[in-house]
Structures are given as structure tokens and as C-alpha cells.
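Participant: Top to bottom, those sequences are chains A and B. The first sequence begins at 72 in the numbering used here and counts up one residue at a time. The second sequence begins at 52 in the numbering used here and counts up one residue at a time.
Accuracy of the hints is not assured; some may be wrong.
Claimed, not checked - Taking lysine to aspartate or glutamate and the DMTMM-like style, the derived pairs with C-alpha atoms no more than 20 Å apart in a straight line are: (1) B:LYS78 <-> A:ASP275; (2) B:LYS78 <-> A:GLU278; (3) A:LYS137 <-> B:GLU122.
Said to hold, decoys possible - In silico negatives: residues of chain B with every beta carbon more than 12 Å from chain A: (4) ASP96; (5) SER109; (6) LYS270; (7) LYS293; (8) ALA297.
Stated by the list, open to error - Listed next, the stretches of chain B that the computed footprint assigns to chain A, with coverage defined by at least 3 CB atoms under 8 Å from CB atoms of chain A: (9) 154-165; (10) 185-196; (11) 221-231.
Keep in mind that the hints were calculated from the coordinates and are not lab data. Please read these numbers as outputs of a predicted model, since none were measured by experiment. Each residue gets a CB set at the ideal place from its N, CA and C atoms; glycine is no exception.
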Amino acid sequence: MLNLITEFTLNSRREFIKQMITAGALVGLSQSPLLSYARKNLLKLTILHTNDTHSRIEPFPPNDSKNPGMGGFARRAAIIKKIRNEEPHVLLFDSGDIFQGTPYFNKYDGELEFKLMSRMGYNACTIGNHEFDNGLDKLAEVMKNAEFPFICSNYDFSNTPMKDKTIPYKIFEVENLKIGVMGLGVGLSGLVSPALYGNTVYKDPAETAAAIAYKLKKELNCDLIICLSHLGLKYENDQISDMKLAKQSKYIDVILGGHSHTLIEKPYRLRNSDDKEIIICQEGANGVRLGKLDFYFERKSKIKFAAYYTTKKN
Amino acid sequence: MHFKRLTHLFTVISALFLASCASVFLKTGSDASVVKIDSLAAPEDSLINALVLPYKLSLDSQMNEIIGYSERLIFKSNPEGLLNNLIADIVLNQTNKKNGELKNGIVAHIALLNNGGLRAPLPEGALTTRNIYEIMPFDNEIVILELKGEKVLEMFNFIAACKGLPLAGAVVGIKDDKAGKITINNVPLDLNKNYFITTSDYLANGGDKMSFFSNPVRKISINYLVRDAIIDYIKEQTALKKTIDAKLDNRIYFE
């Protein structure tokens, strides 16, 4: 954890004060009035997210009973563009089930969804159960239209046509801020026809998430850990859900959820197993909402540095 | 004296420094908001629309055909629902019509589907092919399963535990999350008899954890998509100058 141990021996008062200021500049300690000048500025990171957009390329018709005139990729794209112009740092994610719901998918197999999402500048997505609907051969083929990575931590596709088409996690860097992103898929048995998922191996989401979050936090030094989840918000039975995952987890900061089509107007702010805050969001379905999360960070030091001091008493 | 105090202060600062070196950034707070995607939020992005256009034109020519008229908005609910009843009735009706055409000698007694498979309501007024694709986007095929009476009882218990599923050909009461009174075509369920259940291949193959469908006595494929059955039924009704309607008839009720 401490990458570098530097030893200082201070011989004079002048040297001592100089070192103290250096230390203050590095950490931005606000406790000391002497060093308050070194307090650093805030970094704002905006996370935009969608889930379960279900091939809803065009807005709902004006006479729709639930979402009249709402949604549509063209309008979502315009809103995203506007936010990118207003905010310093924006990342855009989708939590799966991009496919299935309108004839656009039946006729074009998801090609248009991926092309448009690439144009909108999606940074990554995870894989929902409906991404399996045409089988893995076709998914692997149509993914060629996506210019963003598919992050999936708990489906092992090694013995399927999807081999090497997904990554278990990805780290995004924004001005030295490291954002680790993982993706979790829902259990396939009983949900997706075995003929469609083929030799996909489903790994336990909670265990996988714990191992990857540890790696992202402790080995790869991420400052923020995001989980793109297609597990669903909660269940009456003991099936793993975002709620359960949140309470068990240790290092995940935010779960961007999906699958249950839940519209969470105000995100859940729960306590993880270390009693630290973990946020859960989900934006209903069919692309009628875009979630926006703004994180604020205090920049403490740009240099990974640890100092150890010995002071000689005069 | 002054220097000693500073030394003391310095030791304290060193300790704080060590403790805070684990992360370069400290998360200090977060705000969340939900942006409604409607005409007030933003105009449409013209570049995206330009990309969509060729796909849209090709689709519209296939999807915008008016195939019938609906008397009302037909939507899902529990334990029974207008859409649940309509689609289950259509699947049972069209299955047996197809059986007649195929002359396979099978008559399905019951149709069972799942709530999750009905993806949109049927709107009031003109119905297009697109509307049916949105209700049933999946390319699920109709299959008929011959089940023993005890498996059929399991099925009704499952329906009860789910607080209702799209069902046709039978009436069931729900009592304490279990099936109460069961009749099939007005006759009580006979555990010593086999029944023919028409459903989707998705459910027959283990979808939605309908384990009673596994290892049936027989599995009969009729090479007919659920969606095509719905489209055919609506077109047939239109040809007969009939509109589409649905009603609740207490086929699933709480005892």
C-alpha cells in the first residue's frame, strides 16, 4: 500500500519547516493553519447511465398508455451531448438489455442499437439476459457494430463464440482519478433457453464482485468502483440482487442496476459491510430516463508517495 | 520552547500524512438526478435521426400495416387480466386451429403463458403489426406438452404461487398461495388423466422455472410462432368484420 518510504532526518529548524510545507503541499492537510494554502480543488465526475433500453429506437407514440411521446435514441443523444458540454468529465454506461422489444431488433439483430450507442459515446455496457435472444453466434457478430467495451465479470464465455469478446473490468482515468468498472449478469438457468446461452458458465455474482472489487481497490488503486449490474433490484426469495450485493460488498461505491425495470427516482444510499455508503440507481426501462450521478472528489496528491519522518530532539 | 511545540505538531502531521496516503482522491460527496427523456428535455439529434432513417423506412413498410381494431386499451393485471386472458385464449384457439390443419389428432385443453412474456399493452383503436411485435417480440414457438394429472396439479399450484398467469381453458381458485378448486373445460381436474397444455418453447424448455413442464409424456411441435398466432387471429377477426376485445371472467380468483 505504501509505495515508497522516504526517510528524512531534520537537522535544522529551517529544513524542518521546509519539509513540513512539502508534506502539506502533497497531502493538502487542512488541519494545519500553516498549510491551509495547500488545500486542493475539487474534481467533479459525472456518470450517466441507462438500462433495459430494449431496442426502443424511436420515442413511444403520442397515444402510448404509459410513456406517451417519451424516450428515443435521438433525444437521448441530444441530452447526453448537452450534458457533455456542461460538465467537465462525463462517463456513460448501460447496464444491459439493450436488445429486444421493438421490431428494430427482430429485423436488424441489434446492429442499429450498437451503432447509435457508439455515436452517443457510450464508454461501456454490460450484458443483459436479452442480449442472448438471438444466440451467441449472432451476438458476437453484431457486436462488431459497437465501439465500446462489453464488461462482464461473471459470465465465462471461454467455450462459446463470445470468447475474448468481453472484459471482466476496465479502468477509466480522469485527471489521474481511477474509476474501476465491473459488470454482473443475472443467472441464466430458467431465464434464458439453454440453446441460446450454450456453454456460458455463470459464476456467482457476489463472489466474483468481491474478488474484482478487491483487485480494483487494493491492487489497481481505483478511487471509485462502479458495478454495472443486470441482477435486478430485489427479490422476495434469496436470489442475489443489487440490494443483497450492496449490503455484502466492501469496495463497490455505486451499483448502476437493471433487469427489474425499476425506476428509482432517488437513489438508495445503503451501508455496505464496512458501514460505508453504497449507492444503487436504476432508470426504469425503454430509455425514457437517463440517470445522472455527480461525484465530487478532493484531490489530495498527484504523486503516490508516503513519507516517514524521524525528528531529532534538540 | 517554540521549536519544541513545532516538533510536537510535526509528529502529529506525519501520522496524519501516513494515514491518508492510501488514496489519491477523497470522495467528498455525490448528487443524483434523473433526466426525463421527453420533448421538453432536448430536441432530437439530427445526426442520430439520419442514421435511423433508412432502417426506419424499411421497417415502416412492413410494420405499419393496420391488421385490426381494438375496442379498448388491453393491458396486463393479476390474478387475471384483459391482456393475459386475450393472449392465452388466442394461443389456445390458434393452436387447435393449427392442429386441425395439421390433422395431428391433438386437442389442447389448456394454454399457459407467462406474465413477463407479454411486453406491452394492446392499444385502443387501429392495431398494426408493430403493436403485436411489441407485445410479443420474442420468436417463441408454440409447443404442446402432454402432462400427467399430477404435473397439471403442480402447474396450477405454480399459477397460484405466482398470483396468476395468462391461462385459458381452465378456472382456478387461489387459496393461501396454492391452487384451490380447479376445473378444466368445466370438469374438475382428474389426477389419473393426461392433459395437453399449449405453451411457448421458452417455458417448455425451463424458462421462468416451470419445472412441471420438464420430462413431459409427449412434446408436440406445430411450427407456429406465438406472435404469428396473434397476428393471424387478429387478421381473421378483421376479415369477419369483428373487432378485438377482452374481458375478465374470474378464470383465476382468490378463494
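Participant: Each hint needs a verdict: does it hold in this structure or not?
Facilitator: Hint-by-hint comparison with the structure:
Annotation: proposed proximity of LYS78 of chain B to ASP275 of chain A is violated, straight-line Cα distance about 29 Å (limit 20 Å). Restraint check for LYS78 of chain B and GLU278 of chain A: not satisfied, since their Cα atoms lie roughly 25 Å apart, outside the 20 Å limit. Restraint check for LYS137 of chain A and GLU122 of chain B: satisfied, since their Cα atoms lie roughly 18 Å apart, inside the 20 Å limit. Not every Cβ of chain A is farther than 12 Å from the Cβ of ASP96 of chain B; the closest lies at roughly 4 Å, contradicting the non-interface assignment.
Not every beta carbon of chain A lies more than 12 Å from that of SER109 of chain B, the smallest distance being close to 8 Å; the non-interface claim is violated. Even its closest Cβ contact with chain A, about 14 Å, leaves LYS270 of chain B beyond 12 Å, as expected for a residue assigned away from the interface. The claim that LYS293 of chain B lies off the interface holds: its Cβ sits roughly 22 Å from the closest Cβ of chain A, which is beyond the 12 Å cut-off. Every C-beta of chain A lies more than 12 Å from that of ALA297 of chain B, the closest at about 15 Å, which supports listing it as non-interface.
Counting residues of the segment 154-165 of chain B whose beta carbon lies closer than 8 Å to any beta carbon of chain A gives 0, which falls below the threshold of three, so the coverage claim is violated. A count of 4 residues in the segment 185-196 of chain B with a Cβ less than 8 Å from any Cβ of chain A is obtained; the coverage claim is therefore met, three being the minimum. Three residues within the 8 Å Cβ limit are the bar, and the segment 221-231 of chain B against chain A gives 0, so the coverage statement is violated.
In terms of the numbered hints stated before, the structure departs from hints 1, 2, 4, 5, 9 and 11, listed from lowest to highest.
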